[in-house]
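Protein sequence lines, in the order shown, are assigned to chains A and B.
The first sequence runs 1 to 328 under my numbering.
The second sequence runs 329 to 530 under my numbering.
Hints in this document: simulated from the structure, not taken from any laboratory.
Treat the numbers as computed from the prediction; the structure is a model and nothing was measured.
Treat the hints with caution; some may be incorrect.
As the list claims (entries may be wrong) - Quick list of the computed label-pair ranges, beta carbon to beta carbon:
#1 A:E260 / B:N494: 58 to 66 Å
#2 A:R246 / B:E431: 43 to 51 Å
#3 B:G512 / A:S68: 49 to 57 Å
We put the beta carbon where it would ideally sit given N, CA and C, even for glycine.
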Amino acid sequence: MERHLISAADLTRDDAVLVLDTAEELARLADRPIKKLPTLRGRTVVNLFFEDSTRTRISFEAAAKRLSADVINFSAKGSSVSKGESLKDTALTLEAMGADAVVIRHHDSGAPHRLATSGWIGGSVVNAGDGTHEHPTQALLDAFTLRRRLGTGRGGDLGGRRVTIVGDILHSRVARSNVHLLSTLGAEVTLVAPPTLVPVGVHAWPCEVSYDLDAVLPTSDAVMMLRVQRERMNAAYFPTEREYARRYGLDGGRMARMPEHALVMHPGPMNRGMEITADVADSDRCTAVEQVTNGVSTRMAVLYLLLGGAALGGAPGHAAENSAEENT
Amino acid sequence: MGNTDNTGSGAPPADGAPGRPVLEGPDIARVLTRIAHEIVERAKGADDVVLLGIPTRGVHLAQRLAAKLAEITGRPTPVGSLDITMYRDDLRLRPARALARTEIPGDGIEGALVVLVDDVLFSGRTIRAALDALGDLGRPRAVQLAVLVDRGHRELPIRADYVGKNLPTSLRETVRVQLAEEDGRDGVLLGLRAAAAADDER
Chain A
1 MERHLISAAD LTRDDAVLVL DTAEELARLA DRPIKKLPTL RGRTVVNLFF
51 EDSTRTRISF EAAAKRLSAD VINFSAKGSS VSKGESLKDT ALTLEAMGAD
101 AVVIRHHDSG APHRLATSGW IGGSVVNAGD GTHEHPTQAL LDAFTLRRRL
151 GTGRGGDLGG RRVTIVGDIL HSRVARSNVH LLSTLGAEVT LVAPPTLVPV
201 GVHAWPCEVS YDLDAVLPTS DAVMMLRVQR ERMNAAYFPT EREYARRYGL
251 DGGRMARMPE HALVMHPGPM NRGMEITADV ADSDRCTAVE QVTNGVSTRM
301 AVLYLLLGGA ALGGAPGHAA ENSAEENT
Chain B
329 MGNTDNTGSG APPADGAPGR PVLEGPDIAR VLTRIAHEIV ERAKGADDVV
379 LLGIPTRGVH LAQRLAAKLA EITGRPTPVG SLDITMYRDD LRLRPARALA
429 RTEIPGDGIE GALVVLVDDV LFSGRTIRAA LDALGDLGRP RAVQLAVLVD
479 RGHRELPIRA DYVGKNLPTS LRETVRVQLA EEDGRDGVLL GLRAAAAADD
529 ER
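The shape of chain B in the complex, shown without the other chains (with noise of 0.2 Å):
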């Protein structure tokens, strides 16, 4: 998200708190699966369904899904990634950051249903910077947004399509999503943020 905090995902703990577990691993699977059938019921077989996941465990996330896709309709989903740094609202409030890779599936977008894959949909502002990213790559039949966890707090007019666990969160709450080819292991975290750093951020 375009946030400047790290309250999302993925952050290690600053304090080491490990936070309370909200989803373990065969609960990430089970989602995805439903997920999986939700984008083939809507999508009517999915036939033109290009998956992108926003670096960095929303790629894997977009992997997985993909994989689900292709047990269901027997047909291989295109799969690629879309960093959306250079997009970013807040680019000027921090210092320069490294960029992840951007993988456009051979058969690139246009005319496609765009489906961005991420983990944790919170200000919205990410999936904003993704929207604009997609515009310069091409012109998509159509653009949904799948997210494991929606913790609330959008600062846009922004929704998901699929969402694997809605999360009410208060803004002083972290949630950390683990994936194992990242983290080693799956599973999503509710943790409670350092008071210091919490005032120091908003």
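Only chain A is shown next, with the shape it has when bound in the complex (with noise of 0.2 Å):
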């Protein structure tokens, strides 16, 4: 693992399997009573958001706070930002300040790749949502939540198991991040939209493309069902809602078509009716609450990777060798 997080593509299946492993132990802090680990103490996160989030913004401050690290929260809204500062004059600023990790959401896709690589900032970058591009920690919880619930355990990977991923292909950073990633960790994985929600130069993608949700889903172990991005959409992609949610939306009557132990996957936000109707949402078989709980144990393995060891930590998989050699 680099020594920043900006595309799921960037991680080999050991790196991944060593934050998957690492969340689980950090998942077992839930059940504590002291829900709080020392090990970031006096390191200074950034949550860095110039997009609306919820989720992701208070999922990484959670992970970072239970890691006993300083968070500072920004946001494009009433900061500087608004008053025409640029990205460069920002990162100098948290870069003053003393910043050990910039989590950052940005709608231009390859900011985050920008703040890593342009020598504003010494800290890691963690690209939490980039333009249309990736989102490496929601493809992280993703696998996390499709590892636990399909029972291959600590050191598994997702071999052999088949991910649908349905909707606004187009747009969506979570579909190109779980791509990369679910495939590095040898799940085969089917993209689901309609011809225009799919982009361009697809077939370069380690993945399959179909049209038809209802040949796909019988065979799928996981159904992961995306939000139509409206505010990304600049032209007609499709001629209705309801034409949309006919084809493409999860309904009671699809789910029953898919195999007993399948899952049914939302990033969120979900617009209900919409790609995914009330009763799947609300299902057992859903598990985007699962998803949101998971993504702090997730993003607390991440932090923990990236700044927890030495300043320039070389690869992860390297330090999982030393401490099994080391002596207790």
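Using the supplied hints, reconstruct the complex from the two chains, each of which is provided in its own coordinate frame.
Set out below in structure tokens:
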């Protein structure tokens, strides 16, 4: 694992499994009287959010606080960004305040990469969603949820599992990150969407593409429904919402055609009645709420692995070897 | 232990030098039986004893001790594991480490006599971290420490209550504990660490 987490594609299988295993141990903290660890005491994590978010920002904040880091929340609204400050000047300000890690969400694809490679800041950069590019921690928490529910435990990956991702692939950073991470972990990913919402160049991705949801459902171990991102749509991608919901929405009838053990996943926020009906969203098979819980453990794992060790640490996989050798 | 080196236990020898055996399988069994009897004696029956092993080999030792205690007292003894990685004082000196499992027995440690179990006592920093970790889990009546080998060179005011074998060592020596659960055989080996590594570490 590098010093930054920008793209799920940067993670090797061993990196990803290490994050999931670490998250697995950290999840057990939830049962303890004191849900806090001293590990990142004295380190500062800045949540730099240029775009609205509830789940992700709160999740990162909770994760950093449970590791005893100091958290500074920065949202573009009500900051100097609305006065026209550039990303560079904002970054230099954060650097001057001594940020050890910057968790950034930005409406432009590539902003976290720019921040990480520009030399403006010395700390780690964690991508919390950039434009329509990537959202790697979401993919990690989805993989964590899948691994837990589908029963491959510690050290395991998702070898041979079939995951279907349905909906607005074109605008979805969650789909991009998941395609990379889940295929790295050995899962077979199928994307299902109207042809207009399938990105150009998808043939180069490690996944299949289908336009027929009903054909894919019976062989899926998990179906991940994506929100139709109307705020990013500047053209008519499908005729009506009703037609979209009829062809690509998940309702009770479709869920019944999925295998008994199969999960329904949703990264949130949900548009009930659009991509998912209320009865499916509220069923036991829908892991949306569990995904939020798992998000905190997964982000703790990421922050720990990026910040917990030596400042310019090498690969955590290597660290795992060392710790096994080391004398306790 | 909290040292940055791997001169304590468990490490496969870097250069293949096996080292000189100081305890063999039967010795380890005898030593654990004695420690179990000492625990029962000092805890006046060991009614409220909870054994917590420090991963990796401490956990196996704790489980073996629990079996011996059950033989002596006729009651099962709660046994678990305590991972101290997140409490180490040398985290920043090395790349982030993988975590091990913390498993607290069902009834918890509140008001119990917790006996921490580790394979080698060296600098004492591991035990310092374990005490911190324990403080976040509850408030035991008392905490004691059982180790298979005490090799000296303490860097903190910490001592063991139950010691399998006192083994005076030099810092250039390595102590390697092997347990059947982890290494396929039981034994404690005293070796000499590669000179280059030694200069590197200290």
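Exercise. Could you see if the CB distance from E260 (chain A) to N494 (chain B) stays within 58 to 66 Å?
Key: Holds, at about 59 Å.
Quiz prompt | Pairwise beta carbon distance, R246 (chain A) to E431 (chain B), judged against the given window 43 to 51 Å | solution = For R246 (chain A) and E431 (chain B) the Cβ distance comes to about 50 Å; the hint holds.
Exercise. Could you see if the CB distance from G512 (chain B) to S68 (chain A) stays within 49 to 57 Å?
Key: violated, 40 Å
This entry does not satisfy hint 3, going by the numbered hints stated previously; all others are met.
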